[in-house]
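Residue numbers (the numbering used here), protein chains in the order written: chain A, 113 to 488; chain B, 113 to 488.
None of the hints are false.
Because identical chains cannot be distinguished in the list, a pair is counted as satisfied if it fits within a single copy or across any two copies.
Straight-line Cα separation of at most 30 Å, DSSO-like style, residue types lysine-lysine; simulated pairs: (1) Lys114 <-> Lys200; (2) Lys273 <-> Lys289; (3) Lys114 <-> Lys469; (4) Lys237 <-> Lys269; (5) Lys237 <-> Lys114; (6) Lys237 <-> Lys452; (7) Lys330 <-> Lys269; (8) Lys452 <-> Lys273.
Keep in mind the hints are simulated off the structure, nothing from the lab.
Protein chains: 2
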Amino acid sequence: MKISGIEIIAFRYTSRVGRDAEGHAHPSEPHDAVQTLTRIATDEGADGYCFGGSREMARLANEILVGEDPWNRERIWQRLRQYQRLAKTALSDHNIGVLDMALWDLAGRVTGLPVYKLLGGYRDKVLAYASTMCGDDLPGGLDTPEAYADFAEMCQKQGYKAFKLHGWMPPYGPDPKRDVAACRAVRERVGPDMALMLDCYHDYSREEALYLGRELEKLNFTWFEEPMNEHSVSSYVWLTQQLDIAVVGPETAEGKMYTRAEWIVRGASDISRYDVAHGGITATMKAAHLCEAFGVRLEVHGGGPGNLQVLGAMGIPGGYYERGLLHPFLDYEEQTPWLKEVIDPLDSEGYVHISPKPGLGMEIDWDFIAANRIGE
Amino acid sequence: MKISGIEIIAFRYTSRVGRDAEGHAHPSEPHDAVQTLTRIATDEGADGYCFGGSREMARLANEILVGEDPWNRERIWQRLRQYQRLAKTALSDHNIGVLDMALWDLAGRVTGLPVYKLLGGYRDKVLAYASTMCGDDLPGGLDTPEAYADFAEMCQKQGYKAFKLHGWMPPYGPDPKRDVAACRAVRERVGPDMALMLDCYHDYSREEALYLGRELEKLNFTWFEEPMNEHSVSSYVWLTQQLDIAVVGPETAEGKMYTRAEWIVRGASDISRYDVAHGGITATMKAAHLCEAFGVRLEVHGGGPGNLQVLGAMGIPGGYYERGLLHPFLDYEEQTPWLKEVIDPLDSEGYVHISPKPGLGMEIDWDFIAANRIGE
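Excised from the complex, chain A in its bound form (with noise of 0.2 Å):
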């Protein structure tokens, strides 16, 4: 089987959800926007799929995938990942993250196999925290400690067992003291049992981040997420070395699993991070393969389904999948209509189960693309 080419198909949809100045994003009035997906072609006629990817990608993946076998996975990985260096905007991490799924993808497709199946199953479902979007100013949203603990307790109700904040962020904050009262009135009203963590302002001095986490200790939070610079690791390890709660990450650092092997070796966090959006299914194996060998947990970042067939095939904790982002104003599960179904169905225990279909697991609405697709 070869390739025989990778194509981009783009299509528009209504979104309810925008971006701030620093790119997170928050409920927004109905706007349109355009949503890609990758498909690599093979001259079998065998297809595979990833949402995401650009064309100046696809241009690029033509030139030097066409006529390679799909299941040379690893070879087609090493070499866009030596292509990076020269390439980094078409072939970002996020980018070759979408062609390596795509490619697991296909390689489910042909043989009828969930992608955490062909890699060696070892869960069927994983415990999901709740993930909120970041702090706001809409009345009633996630603007104020009272309107996270209202939410929280909503999720509770759902079924979820865990529960992240989003602390807020410019041009909403930062304040330190502000995430932490969130953080009490979140503790205050979902009692004792369920899980809490915090993902907060990723620019906070050593001090900010001290003064934070000791206050998360308090409050018997399980994990403190990027409050400083990722770049400054030497200020992970000292934070680290102070605190008793998790340090997670690094999350967004660049460098793959390169980097996570460094975060471990300097004891820059407790728990190291990563997600199919820094290189695919096959960095993030790498980077979990890493960590087994150090005893150290990964808890991936992000949801969606690549990450969701990782956690299918991971031998070590991370325990939780991250199920977001959420936002009272907002249907979760509204937010994919090209999907038929929702890719991480939550279960009234607080369980998302790995879909059993092939690959990914996605049932594509091809109805909702082709009456939306736009061309080039």
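Add chain B to chain A, keeping to what the hints say.
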């Protein structure tokens, strides 16, 4: 699909290889020997096979694995690993490897794909090194430096681009000066272009190891393998700091990829080492991914179909497949009469090609096995 049973098929064959008091292989008079084949059967009729395994292993595996989905390789691997703590003999790393490889073989047979393509292929062929048996006292065998040189020249004419000496070990050695004499005789005979390696007595002192390493540097050897007890990690840190030649290890040390992680962090070798006898393809890929995250080469130890499949899927060097063990008195390709074709055919350029056949790529000679089968 569910695992319905694990069976040991035992059969006799005529071996021309004997073992010395330390367990090393040498040519011997033809004698009866027993080989085993592990079969994992499923309720849907699909099977997976791997040579090796014991009845005690099968008894335990039947207790633990019957009813499990054979696609849950990671879950199975972790359960077997946990059982190892108190069942070290039946569930040795070697036996876990056999069960894991039988499951990979099954996955390949079901999908019609070789294992390395399921993992994600990187290469279809790999350079081999001719790997000798240990030195002996057989006239014209491997009894003198000159005999090693004769044999290296013969291998070079066969197409091998690399040659590894196993030196003299008890009861035929050790003697560092004699090892060096053999290495020198080989280098002088084959010329400057053939890659050469030494795997010598595994219990030399630090001083003897340093002497050997310095002599190998002068002879432009490619790597230096296990000259000291691997439980003394500090000795390897010391040796690796002294030498320019690449120190390869650990090879026989217990502890799977966890131990490789510690050697990497401590700088106890330049090149890491792993093989499927330490927990199978699943474990070896974990070690390969660990090494990749640190920019460390992994030279896969030993031959056979499982190691070949791993080499096909590894996106990093290891540059070589270990073909052997070889001896001037033995025909290597006649040593597996239970296979219809040799698993690692050497081409005239010195490459071994990975079988494109499903699973581990073995063509099992069922007639031979039936004719020689023995009962409990």
